[in-house]
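Colleague: Sequence:
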Amino acid sequence: MSQKDNCVYIGHMIDTANKALGFVSGVSREEFDNNEQLRLAITHLLQVIGEAARRVSLDFREAYPQIPWKAIVGMRSKAQYRTKVAKGDRKRV
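This note's numbering puts the first residue of the sequence shown at 24, with every later residue one more than the last.
One should not assume that every hint holds.
[Unchecked claim] BS3-like mimics (lysine-lysine), calculated; alpha carbons at most 30 Å apart, straight line:
(1) K93 - K27
(2) K27 - K101
(3) K27 - K42
(4) K93 - K42
(5) K101 - K42
[Claimed, not checked] The following label-pair restraints were derived from C-beta to C-beta distances:
(6) F55 - G97: 19 to 27 Å
(7) E85 - S51: 35 to 43 Å
(8) A64 - P91: 21 to 29 Å
(9) C30 - D56: 31 to 39 Å
(10) L81 - E54: 38 to 46 Å
(11) N57 - E85: 39 to 47 Å
(12) G34 - F55: 24 to 32 Å
(13) Q60 - A86: 36 to 44 Å
(14) Q60 - K27: 30 to 38 Å
(15) F46 - K101: 12 to 20 Å
(16) A64 - S100: 14 to 22 Å
(17) N57 - D82: 40 to 48 Å
(18) K93 - Q26: 20 to 28 Å
Just so you know, these hints were derived from the structure itself, not from any lab.
Computed from a predicted structure; not experimentally measured.
Where a beta carbon is used, it is the ideal one built from N, C-alpha and C, also for glycine.
My request is simple: use the sequences and hints to build the entire structure.
Modeller: Here's what the structure looks like:
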């Protein structure tokens, strides 16, 4: 994978994280908990970030060990699992 590809994925992660931050800016925890649409949007954005992180090359990830790559990629799986459980899709989990 080229350095350019890695930069595209990193840029996508940053843009998506900024979008998520914009969605929750000024929103209290109680408002967040009571807003299913917002929770689902944030869950989707977390999945997008995790998927982009998964596509970053191993060489790039090894060059930046201070970034918690496994945690970011793992966040995608956790968000996906929680969405399925919340929707009652436990059979497919």
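Colleague: Are the hints correct? Go through all of them and say.
Modeller: Status of the hints after comparison with the structure:
Proposed proximity of K93 and K27 is supported: the alpha carbons are some 22 Å apart, at most 30 Å. Taking the CA atoms of K27 and K101, the gap is near 29 Å; set against the 30 Å cutoff, the hint holds. At roughly 22 Å between alpha-carbon atoms, K27 and K42 fall within 30 Å of each other, so this suggested pair holds. The hinted pair formed by K93 and K42 meets the criterion: a straight-line CA distance of about 22 Å does not exceed 30 Å.
Restraint check for K101 and K42: the C-alpha separation of about 20 Å stays at or below 30 Å, so the hint holds. Roughly 22 Å separates the CB atoms of F55 and G97, a value that falls within the hinted 19 to 27 Å. Distance hint for E85 and S51: a CB-CB separation of about 40 Å, consistent with the stated range 35 to 43 Å. For the hinted restraint 21 to 29 Å between A64 and P91, the CB-CB distance of approximately 23 Å keeps it satisfied.
The beta-carbon spacing between C30 and D56, approximately 36 Å, falls within the hinted interval of 31 to 39 Å. Under the hint 38 to 46 Å, the C-beta atoms of L81 and E54, about 40 Å apart, fit the expected range. Checking the proposed 39 to 47 Å range against N57 and E85 shows it holds: the Cβ atoms sit about 42 Å from each other. A hinted range of 24 to 32 Å for the beta carbons of G34 and F55 is consistent with their spacing of about 27 Å.
At roughly 38 Å, the beta-carbon separation of Q60 and A86 lies within the given 36 to 44 Å, and the hint holds. A hinted range of 30 to 38 Å holds for the C-beta pair Q60 and K27, which are about 35 Å apart. Our hint of 12 to 20 Å for F46 and K101 holds, since their Cβ atoms are close to 19 Å apart. Separation of A64 from S100 is about 18 Å and conforms to the stated range, judged on CB atoms against 14 to 22 Å.
Remark: the range hint 40 to 48 Å for N57 to D82 is upheld by a beta-carbon distance near 44 Å. In this structure, K93 and Q26 meet the distance hint of 20 to 28 Å, their C-beta atoms being roughly 22 Å apart.
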